[in-house]
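Visitor: Start from the sequences and build out the full structure, keeping to the hints where you can.
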Amino acid sequence: MNARTLPFLATLGVFILLYAACAIQYPSMLSSRVIGNLLTDNAFLGVLAVGMTFVILSGGIDLSVGAVMGFTTVALAVMIEGAGLHPLASFTIVLVGGAAFGCGVGVAIHWLKAPPFIVTLTAMFLARGAALLLSTDSIPVRHEFYQTLSGLSLSLPGSGRLGLIAMVMLLAFVLGGVLLHFTRAGLRVYALGGNARFAGLMGIDTARTTILVYGVSSTMAALAGIIFSLYTRSGYALTGVGVELDAIAAVVIGGTLLSGGVGGMAGSLIGVLIQGLILTWITFDGSLSSWWTKIAIGMLLFIFIGLQRLILQFSAPTGRTG
Amino acid sequence: MADTAATLLSARGLTRTYPGVRALDGVDLTLRAGEIHALLGENGAGKSTLINLLTGAQPVEAGSIHLDGREVRPRSPADAAANGIVAVYQEITLLPNLSVAENIYLGREPTRFGLVDRARMRREAAVLLSRFGLSIDPAQPLSAFSTAVQQLIAIARAVDMSARVLILDEPTASLDSAEVAVLFRLMRELAASGMAVLFVTHFLDQVYEVTHRITVLRGGKLVGERKTAELPRMDLVAMMLGKLPSGDSHLQRHAAREPGAAFVTVKGLGKRHLVAPFSAEVRQGEVLGVAGLLGSGRTETALLLFGAERADAGEIIVDGAAVTLRGPRDAIRLGFGFCPEDRKLDGIVPDLSIRENIVLALQARLGWVRRLPLARQRELADTYIKLLNIRTPDAEKPIQLLSGGNQQKALLARWLATKPRLLILDEPTRGIDVGAHAEIILLLEKLRDEGMALYVISSEVEEVAAYADRVMVMRERRQAGMLTGGDVTPSAIIDAIVTPVDMPPPGRAA
Amino acid sequence: GDKGGAGKAADAGKAAGALTIGFSQIGSESGWRAAETKLAKLEAEKRGINLKVSDAQQQQANQIKAIRSFIAQGVDAILLAPVISSGWDEVLGEAKAANIPVVLLDRQIDTADPSLYLSAVTSDTVEEGRVAGRWLVSTLAGRDCRVVEIQGTIGASLVANRKKGFEEGISTAANVQIVRTQSGEFTRAKGKEVMEGFIKAEAPGTICAVYAHNDDMMIGAIQAMKEAGLKPGSDILAVSIDAVPDIFKAMADGDANATVELTPDMASRAYDLLAAYKKDGTQPPKWVQTPSTLYLPDTAAAEYERRKDLY
Amino acid sequence: MSGWFMEARSRLSLLALVLLANVLVAPGFLELRLVDGRLFGGIIDILNRGAPVMLLAVGMAPVIATRGIDLSVGAVMAIAGAVAAATVNAGHAWPVAVIAALGTGLACGLWNGILVTIFRMQPIVATLILMVAGRGIAQMITEGRVLTFTDDGLAGVSSASLLGLPLPVLIALAAAIVTGLLVRATALGLFVEAVGTSPRAARLAGVPAPGILIGVYVWSGLMAALAGLIAAADIRGADANNAGLWLELDAILAVVIGGTSLYGGRFSIGLSVLGALILQGMRTCILRSGLPPELNLLLMALVIALVLVVQSPACQPAIARLTARLTRKGTA
Ligand SMILES: Nc1ncnc2c1ncn2[C@@H]1O[C@H](COP(=O)(O)OP(=O)(O)OP(=O)(O)O)[C@@H](O)[C@H]1O
Ligand SMILES: Nc1ncnc2c1ncn2[C@@H]1O[C@H](COP(=O)(O)OP(=O)(O)OP(=O)(O)O)[C@@H](O)[C@H]1O
Ligand SMILES: [Mg+2]
Ligand SMILES: [Mg+2]
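Residue numbers (the working numbering), protein chains in the order written: chain A, 160 to 481; chain B, 391 to 900; chain C, 5 to 315; chain D, 5 to 336.
These are computed hints drawn from the structure, not numbers from a lab.
Quick caveat, the model's predicted, so the values are computed rather than measured.
From the three backbone atoms N, C-alpha and C, an ideal C-beta is built for every residue, glycine too.
Which bits of chain D does chain C cover? Going by a derived footprint, with three or more residues having C-beta under 8 Å, they are:
{"id": "1", "region": "45-59"}
{"id": "2", "region": "144-155"}
{"id": "3", "region": "235-245"}
{"id": "4", "region": "295-305"}
Chain D side only, calculated, beta carbon under 8 Å to chain A, not exhaustive:
{"id": "5", "residue": "133"}
{"id": "6", "residue": "134"}
{"id": "7", "residue": "136"}
{"id": "8", "residue": "253"}
{"id": "9", "residue": "256"}
Guide: Structure (structure tokens):
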């Protein structure tokens with residue numbers, strides 16, 4: 160097993176290492192408030208990463224998630240503020256809608272034999288375009304149910320709070336992990352990522368699996384949209400531009416191979432936290448100009464991945480593998 | 391027994407055309423309950439294609455398939471499996487990123503409360519594999535194991551799944567006699583239980599050992615069906631080749647010739663976790679055979695010798711000068727060539743054409759600037775396609791579309807094109823048909839007589855005994871002896887291979 | 005670049021009794037934005053304020069993170085240049101709870117509870133459009149005019165306003181109408197490409213004026229006109245918004261006709277009212293409006309000199 | 005090679021389709037006028053505006069063929085532009101600026117190549133690092149402003165013209181031809197495809213995989229630098245904030261439309277260039293359609309969806325017939 164869990168352990172180690180480093184520079188980083196914020200502020204990214212993990216493991220990629228998320232926030236705002244629907248009803252609608260959209264993407268990828276990259280890029284344009292059509296400016300959501308929801312939170316020891324959305328994110332990871340690692344469907348995803356043709360010869364229904372994968376991804380994107388809409392209590396068409404890259408990065412940093420078939424859910428969570436940590440450190444420093452911020456993000460990414468690679472190099476099992 | 395048995399599966403007029411080739415042309419096949427049926431033919435005769443049609447891996451163009459008299463139209467392998475028809479394909483179609491157990495149970499995983507029951511999966515996998523004499527940890531990723539083991543795992547999966555018809559496309563190609571014996575025992579059991587087994591191989595001995603009937607294909611057409619017992623070897627070979635074989639005299643031992651100068655000398659070369667230090671010497675104009683069981687580490691010796699794995703002990707001396715191999719390029723610069731065992735993973739470049747695959751190594755040695763002119767490339771490709779008679783309409787066909795055996799030949803061509811001084815061959819005749827088999831061995835002997843040094847790993851003891859001047863025997867991943875001169879006989883080699891050692895094998899990684 | 009561990013400086017600053025202010029800036033998507041940040045820092049130094057600028061890279065999520073960490077560090081006040089108008093209630097609520105005053109810079113927010121922020125220092129973006137529109141109408145003096153409009157990034161909050169304002173500005177004159185509008189995404193390159201498109205798509209000589217939502221796009225458009233052999237400023241009137249140095253240079257060269265100022269110096273006003281508020285709790289007005297001055301070629305050269313090193 | 009022609013035909017028919025759409029939007033789109041020694045017309049505009057993405061695609065295609073990807077090209081464009089502008093503004097001659105910019109591009113490519121080859125990072129994250137940090141570096145050089153320059157030599161990179169064609173077009177075409185020769189007249193193409201399809205087999209056959217890998221990233225960096233120069237020259241200023249923003253996606257899209265699989269293997273410079281032109285054709289068409297800008301993205305999506313259907317193996321034959329008719333119309 161360790162041959163497979165190694166990348167994850169490496170990532171985890173690096174994360175702990177650098178968290179410690181940050182904590183030494185700013186002791187308050189250890190406060191439960193910062194930790195709570197780390198989870199709450201990155202909840203939407205985490206949920207996206209859950210879906211993206213499925214896609215990447217299946218050997219695909221999904222560039223549409225950011226746009227789907229953005230569309231969801233607008234759709235929710237329009238439904239709740241405009242049409243006066245109850246939030247819960249709207250949530251169900253967008254989740255179902257997201258699932259349907261993703262399945263559509265999956266169908267396109269399978270039947271058009273087209274590369275996921277293009278299909279999902281098209282889906283991205285589609286979702287963004289549709290969102291802008293709904294409304295070009297940002298719409299606040301004032302429904303009191305929203306207040307109550309975003310009010311809900313688990314207070315951590317210390318001044319910290321674990322917001323509802325953070326809990327939803329963690330739940331998503333748990334459920335996603337179970338689906339991926341403990342069900343037949345999950346195993347099929349790995350099979351598809353290992354070698355689609357062989358999977359077919361071994362009797363896997365590749366069409367169904369592809370559709371499942373992108374269905375899950377888009378559903379997660381819609382959920383991320385709900386989370387973001389709760390997070391900001393508003394809807395805006397340009398929400399989450401470029402966030403798909405953050406999600407992909409999180410998954411890959413988490414030790415999942417972009418070529419598919421190798422990796423896992425837990426790694427992605429660490430990947431998300433790593434990105435969150437980078438930004439937290441930067442806001443703590445607070446003295447960085449726009450450009451230094453970007454450079455720092457890049458350099459920290461480099462340090463993380465570099466360390467991870469080194470650990471893997473040295474503990475790589477010798478002999479006949481891979 | 392077999393003749394009285396009821397027809398189980400009957401295929402009529404199966405046809406399949408690929409761009410440029412009519413791979414299968416109105417072929418009939420009848421499988422009877424309780425019978426082991428051999429499907430024979432040259433490389434590219436259409437055996438695998440026929441199997442692909444039976445399992446729905448490829449659509450049937452014309453013709454029909456009946457199971458128990460009722461027509462079946464398998465749309466996919468899953469579909470065929472549902473009808474109890476299961477195949478082990480020629481290339482191992484398992485998934486390297488999954489564990490052994492997952493590979494065996496993929497698509498039919500045992501579940502508890504809707505969740506995959508991994509513990510049970512492992513337990514059952516272990517039991518199943520032990521029936522094949524494999525005592526490996528089913529939780530390990532498949533990629534940790536050699537072709538041979540993976541082959542056994544694939545067979546185990548199919549045997550476990552198949553209900554009515556089990557199809558084995560060259561399952562024994564990478565197995566050694568022990569594994570083959572186990573496999574045959576299982577095949578007989580399954581047949582006895584009323585199933586039909588379709589068995590593709592290029593080893594005629596195995597045909598006569600285990601099968602009841604034989605169907606022979608040639609150039610995509612049916613040549614005929616015979617009872618094994620009533621078909622003499624010579625006639626069978628004639629059926630397959632369409633002519634009488636150019637006397638397989640190659641299996642007579644040649645008179646020992648005086649060896650040339652030592653070209654490569656290996657002193658205590660080894661690597662932890664891989665293979666214990668071994669010493670050998672390959673002279674110009676001689677064949678050093680390497681014999682051993684599966685996992686005995688023969689491939690590993692080759693990897694070290696070719697610099698594909700970096701040795702952590704010992705030295706290599708070429709033309710009297712010590713050399714360090716930092717990678718295959720160094721070895722190639724010294725005039726080494728290496729035809730690997732795992733054709734699919736280490737050998738062919740699937741997307742590229744046969745021509746490009748053949749010139750690849752030569753071009754790599756010339757460097758990127760001095761590109762071989764297209765004309766020269768074509769000429770080279772055509773020469774070797776003719777020399778090794780690789781069955782293909784033209785040299786521009788992607789190599790992945792070639793039949794298994796023909797891919798193997800193309801790889802041999804890749805290295806011959808570099809005119810190497812030392813040629814390392816890992817299982818060179820694996821999956822090669824009888825005719826070509828003889829041709830390739832004659833070719834090896836010709837190369838040797840021209841002064842090339844050959845390092846040949848092979849599981850076919852008679853063969854090794856026939857052309858090798860000396861034989862290095864590997865056992866438990868360490869050198870277990872070096873047979874020379876008169877000792878190079880099948881019996882001696884087998885003794886050396888199987889004599890148990892008391893020392894424990896060195897720990898294996900992963 | 006000014007990299008350094010100002011993290012600890014925060015506490016040092018407190019000790020000295022000076023204000024520590026956190027500034028959540030949108031990013032650095034344009035020269036104007038960079039100038040705003042630069043001025044904020046300059047003015048802070050003048051006043052001995054310890055300013056922590058956090059750059060959100062255009063992401064609202066990052067701005068919320070930044071504000072949260074400002075609260076966690078217990079700054080004395082927060083400046084917020086909101087990337088979009090809505091979605092601030094919760095985090096500003098937290099700031100209020102920690103009674104840290106928040107001042108909005110250059111953009112208003114859309115909230116039910118105005119007590120969430122102390123004051124907003126912004127321009128009237130609709131007025132900017134109006135000024136540009138009125139100028140055009142008056143300059144034309146009754147002539148017919150087919151105007152092409154180069155919008156900013158679709159979805160950006162001020163695009164709608166600058167469009168609306170301009171349309172109001174020209175609504176009085178039936179002879180002026182917008183015939184084409186396309187998004188130049190606030191960048192020179194896109195502005196140029198869009199203008200090229202307009203020139204190709206419209207019959208030669210039928211475009212009489214171009215209105216760009218910012219100067220950068222106009223500068224691109226001016227190049228497009230020149231390369232198409234047209235004379236910007238005379239063949240086609242050019243009016244845009246922001247008043248960045250380069251547009252003054254263009255006006256001085258006679259390539260542009262007018263620009264409406266959106267001053268990048270928002271922070272100093274915020275500092276003043278914060279200082280007063282901290283000293284004796286003087287409540288500042290909810291909206292400190294910066295003037296939307298119209299600049300014409302006559303003063304261009306001088307204005308260029310005055311601005312060029314602020315940017 | 006007949007396969008290549010099939011591919012080329014389907015791309016060309018797509019291009020024809022796009023051009024036709026342009027003609028419908030702006031009549032007289034196809035006509036060419038020669039004004040003081042310089043050609044004007046819709047086709048030229050597409051070539052001219054498409055030059056940067058063409059260059060990026062030319063660099064990206066080999067990278068993708070090695071099973072890699074280069075997300076940093078947009079940022080490298082920004083850096084190169086900034087370096088060039090800063091150099092001329094520092095009073096150096098424009099050739100110096102050009103060389104400096106190209107040098108920067110090489111350096112960036114080398115960095116990517118080393119991360120991928122030596123550190124064995126996955127290309128997408130390896131280049132993501134430079135994608136993020138690179139734009140920061142560019143902004144650091146320009147301090148977030150648009151670094152305007154007046155040097156006509158440097159501006160000429162975009163505005164000058166030769167043989168009636170705008171310089172950017174010539175640069176892009178030259179780059180495409182040089183790259184094409186580099187990969188096909190030498191064995192590089194073969195090696196790249198071998199490494200991309202089956203790294204292990206390639207290594208055992210003695211293909212110098214590390215060299216090849218570093219090489220393709222360096223080349224991609226160089227092409228990006230060229231594109232950056234053109235972008236900067238085009239607006240006579242280095243806009244570190246926006247130059248090349250999201251252009252990496254366009255480049256990848258162009259290469260994939262050009263028929264190269266993201267899983268590596270066979271690639272074609274020519275087809276990738278066609279892909280870039282098809283993209284630019286769509287852009288131009290949408291920009292000039294006069295439709296409200298809110299629709300831009302939707303239109304883009306619909307057009308690409310159409311492209312996908314057109315290319316899907318399912319309806320190849322039908323398309324072939326259709327194109328035959330369309331091309332006749334288009335030229336008529
Ligand atoms: N997918 C394909 N596309 C084109 N041609 C193919 C394809 N698959 C097989 N062929 C051709 O069909 C013929 C029969 O191939 P097949 O694999 O059935 O031979 P075989 O009898 O299995 O040979 P071997 O003993 O070497 O495995 C060969 O000439 C091969 O080149
Ligand atoms: N019977 C076996 N049981 C367990 N592992 C095996 C067995 N056979 C091979 N292996 C695996 O294969 C690897 C080495 O076997 P390998 O096949 O390379 O040796 P070999 O002598 O080259 O055998 P062959 O070339 O006949 O396949 C080992 O790492 C081992 O894990
Ligand atoms: Mg076969
Ligand atoms: Mg072996």
